[in-house]
Amino acid sequence: MSAKVPFFELQDVSKVFPVKRRIEGRWMNRSEAAQVRAVNRVSLRIARGETLAIVGESGSGKSTLANVMSRVTAQSEGVMRLDGGEIPASSTVSSDFRRRVQMVFQDPSSSLNPRQTVEDIVSLPLRLGGMRHRGERRARVMELLESVQMSSDTMLRTPMSLSGGQKQRVNIARALALRPELLILDEPTSALDVSVQARILNLLATLRSQYGLTYVIITHDLGVVRAIADRIAVMYLGQVVETGTADEIMRRPRHPYTRALIAAIPVVHESDRVFIPDTQILDGETPSLLDPPAHCAFHSRCAFRVDACRTLPAPELLADAQGHGVRCHRVGTASLAGEPVTLP
Amino acid sequence: MNDAQAVVSIEGLSLDFMTLDGREQVLRDVNLHIHPGEIVGLVGESGCGKSATAKLLLGVLPMPPARITAGRVMMFGQDIGTMSWHAREALKRDIAYVPQDPMAALNPSFTIGEQMIDLIVWDHCGRTLGGYVRGRHKRVEVARARDKAAHLLEKVYIPDPMQVLQRYPVQLSGGMRQRVLLAMALSGTPRLMIADEPTTALDVTVQKRTLDLVKDLVSRENLAGLYITHDLGVARDICARTYVMYGGTTIESGPTGAMLNAPRHPYTRGLVNAQPSLAGGMPQGIPGRLPDYLAPPEGCRFAPRCSLRLAACEVAPAHRTHPSGRWVACWADVDEVETV
Numbered sequence: 014m015s016a017k018v019p020f021f022e023l024q025d026v027s028k029v030f031p032v033k034r035r036i037e038g039r040w041m042n043r044s045e046a047a048q049v050r051a052v053n054r055v056s057l058r059i060a061r062g063e064t065l066a067i068v069g070e071s072g073s074g075k076s077t078l079a080n081v082m083s084r085v086t087a088q089s090e091g092v093m094r095l096d097g098g099e100i101p102a103s104s105t106v107s108s109d110f111r112r113r114v115q116m117v118f119q120d121p122s123s124s125l126n127p128r129q130t131v132e133d134i135v136s137l138p139l140r141l142g143g144m145r146h147r148g149e150r151r152a153r154v155m156e157l158l159e160s161v162q163m164s165s166d167t168m169l170r171t172p173m174s175l176s177g178g179q180k181q182r183v184n185i186a187r188a189l190a191l192r193p194e195l196l197i198l199d200e201p202t203s204a205l206d207v208s209v210q211a212r213i214l215n216l217l218a219t220l221r222s223q224y225g226l227t228y229v230i231i232t233h234d235l236g237v238v239r240a241i242a243d244r245i246a247v248m249y250l251g252q253v254v255e256t257g258t259a260d261e262i263m264r265r266p267r268h269p270y271t272r273a274l275i276a277a278i279p280v281v282h283e284s285d286r287v288f289i290p291d292t293q294i295l296d297g298e299t300p301s302l303l304d305p306p307a308h309c310a311f312h313s314r315c316a317f318r319v320d321a322c323r324t325l326p327a328p329e330l331l332a333d334a335q336g337h338g339v340r341c342h343r344v345g346t347a348s349l350a351g352e353p354v355t356l357p
Numbered sequence: 307m308n309d310a311q312a313v314v315s316i317e318g319l320s321l322d323f324m325t326l327d328g329r330e331q332v333l334r335d336v337n338l339h340i341h342p343g344e345i346v347g348l349v350g351e352s353g354c355g356k357s358a359t360a361k362l363l364l365g366v367l368p369m370p371p372a373r374i375t376a377g378r379v380m381m382f383g384q385d386i387g388t389m390s391w392h393a394r395e396a397l398k399r400d401i402a403y404v405p406q407d408p409m410a411a412l413n414p415s416f417t418i419g420e421q422m423i424d425l426i427v428w429d430h431c432g433r434t435l436g437g438y439v440r441g442r443h444k445r446v447e448v449a450r451a452r453d454k455a456a457h458l459l460e461k462v463y464i465p466d467p468m469q470v471l472q473r474y475p476v477q478l479s480g481g482m483r484q485r486v487l488l489a490m491a492l493s494g495t496p497r498l499m500i501a502d503e504p505t506t507a508l509d510v511t512v513q514k515r516t517l518d519l520v521k522d523l524v525s526r527e528n529l530a531g532l533y534i535t536h537d538l539g540v541a542r543d544i545c546a547r548t549y550v551m552y553g554g555t556t557i558e559s560g561p562t563g564a565m566l567n568a569p570r571h572p573y574t575r576g577l578v579n580a581q582p583s584l585a586g587g588m589p590q591g592i593p594g595r596l597p598d599y600l601a602p603p604e605g606c607r608f609a610p611r612c613s614l615r616l617a618a619c620e621v622a623p624a625h626r627t628h629p630s631g632r633w634v635a636c637w638a639d640v641d642e643v644e645t646v
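As they're listed, the protein sequences go chains A and B.
Be aware that the first sequence starts at 14, since it is given in the working numbering, and climbs by one per residue.
Be aware that the second sequence starts at 307, since it is given in the working numbering, and climbs by one per residue.
Because the hints were derived from the structure by calculation, they are not lab data.
Cβ coordinates follow ideal geometry from the N, Cα and C atoms, glycine included.
Honestly, I wouldn't trust all of these hints.
What the hints assert, rightly or not - Here are some chain A residues the structure puts well away from chain B; computed CB gaps all over 12 Å: (1) V49; (2) R239; (3) D296.
What the hints assert, rightly or not - Here are the simulated SDA-like pairs of lysine to any residue, each with C-alpha atoms no more than 20 Å apart in a straight line: (4) B/K444 with B/T417; (5) A/K17 with A/R61; (6) B/K461 with A/G297; (7) B/K521 with A/D296; (8) B/K361 with B/T388; (9) B/K461 with A/R61; (10) B/K398 with B/G365; (11) B/K521 with A/R61; (12) B/K521 with A/I278.
Kindly generate the complete structure, drawing on both the sequences and the hints.
Following this line, the structure appears as structure tokens:
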């Protein structure tokens, strides 16, 4: 990551939702305007052909970030660039951007119209993309279904008669219809059984090498991340708290939150136990985004907290030479060796 | 296996559903035993008959469409096939049920307190509608129930229970809701806890805490547990013994750790290999899909998807018991396969 222009870049992107907050303790309930900063100054760089996984618990802002990246919603602050070209922050973006960046949504059943056939579903983006001739569209749909390893006779079936894995394949086929370059997948396998999940992951890996796709995968399952991702960004309360290569983060997680997240994974394979860091389970609830902690966002639940975490301003995401960034006071750049440093 | 003291023992159970499309042969040859003080896991993918088994034990499976065609289900030493309706209702007090989705299981229109008091009053007034209607309006009864509700919430380590009783389900986090349901499950005099995927809707860190709580409750309250999950890692964490189900039959059973380290049945092996490893590498899926219950394959139900299929698989496999308490229902489970 030097002077070369990254394929997709986010610079200090934030998403703020205006909400109403109830003021309690009066004789009548009143409300006041408040802000929820669902995504808080996130900077990411994604190289072409790379797979970035965004992990975090529910409420960490990862789905909002995915929506911002695919422009389902516009960001409130910050800059997004695709291939060096800035994407305007207005809600309407060019059809070129829509063609190049596509999204696969979380729930395979609710993202398909139950009244339409698979052919209708997959050919809609083609029609909107300007493919007028019906026979041409049908040929492309067949080609797409073949590339997601489905037989072409499913074209006339409705989503109701498909299994969960097949529905997700149709979703992927629809996203691929316009030959996108960047695919944003929001929890692509969380609704599926493990044996089906494994097949979808294999399919995604095949498609990636076949079409030279770049993936952003939103997930909470670190096993899935390990199977498919090159890099990981860990999110907590709308911020990226740790980022680095998948291998590095799984082997040497540095941020206390990442460590706790990995420690909570229920292991299946006995050999995976070596990856489980020796740390305590997270206590307490995630703080509310309505009044986030003033200092380090994680300090209220951190096992390695010291006084400095409650007095210093929020830490910055500091990266070492290999691009492994950590947002923590206790992990200084000088001592990114592994264990969080114990202060005297 | 000493059946006399087993909390639950299911032997050779077959269960059919009579539907408009015909006879769906859902469960066939299910064998499962739960002994006092142990948590037994039941794993398998969706549509494998895990929940049908749990509902049968709970007594909430509507029996006209469902029908037991073979086998025997014993709970607390009584055969539920020959039991009267009243005896069956009384038995429900001994079972604690923890449902899957905490948001769907709690009514969003009522406070936690109202819902818990309802349940406790119902239980205390003889589990009849008349008793409940009379009791629900008696101040003494409600006050007693509220105390008990607070006590139950304390048991699941909810801080400030009186405050929580006044909240609505939406005001609680997912982990808190699940703990409220655990508390509600304990409101009777449970001896058996049936948990149907209680942590699938939760984040991993919350899941970990909930699992620890379930383990803690089971040992403190001296319960036996049936823990249904599709997550092998969770089963490994919480269950001493695990049964694997496929297509409505139990196919393998044994101590969880040993079984997952060296699965014998091809399906169990497929499930373990489908689980992504933290060391990296692509997991492998199992080709094919679940059998159609209207016309399930004769013999072994996994045979059409199995890579080790033999001619013998046309006949339903017998259970082969191995030392160390494991058994497997597979014709291919001989020594050559073990070394794979």
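Outcome of the hint check:
For A/V49, the requirement that its beta carbon stay farther than 12 Å from each beta carbon of chain B is met, with the minimum near 16 Å. The claim that A/R239 lies off the interface is violated: its Cβ sits roughly 5 Å from the closest Cβ of chain B, which falls inside the 12 Å cut-off. Distance check for A/D296 against chain B: the nearest CB is about 8 Å away, which does not clear 12 Å, and the non-interface claim fails. A threshold of 20 Å between alpha carbons decides the hint, and for B/K444 with B/T417 the separation of about 19 Å falls inside it, so the pair holds.
For a cut-off of 20 Å, the pair hint linking A/K17 to A/R61 stands: about 12 Å separates their Cα positions. Restraint check: the Cα-Cα separation between B/K461 and A/G297 comes to about 17 Å, which is no more than 20 Å; the hinted pair holds. A hinted pair counts as satisfied when its Cα atoms are at most 20 Å apart, and B/K521 with A/D296 qualifies at roughly 17 Å. This hinted pair checks out: B/K361 and B/T388 have alpha carbons roughly 17 Å apart, not beyond 20 Å.
Among the hinted pairs, B/K461 with A/R61 is inconsistent with the structure: their alpha-carbon atoms are about 53 Å apart, more than 20 Å. The straight-line distance between the Cα atoms of B/K398 and B/G365 is roughly 8 Å, inside the 20 Å bound, and the hint therefore holds. At roughly 47 Å between alpha-carbon atoms, B/K521 and A/R61 are farther apart than 20 Å, so this suggested pair is violated. Taken as a hint, the B/K521 and A/I278 pair is honoured in the structure, with Cα atoms around 17 Å apart against an allowance of 20 Å.
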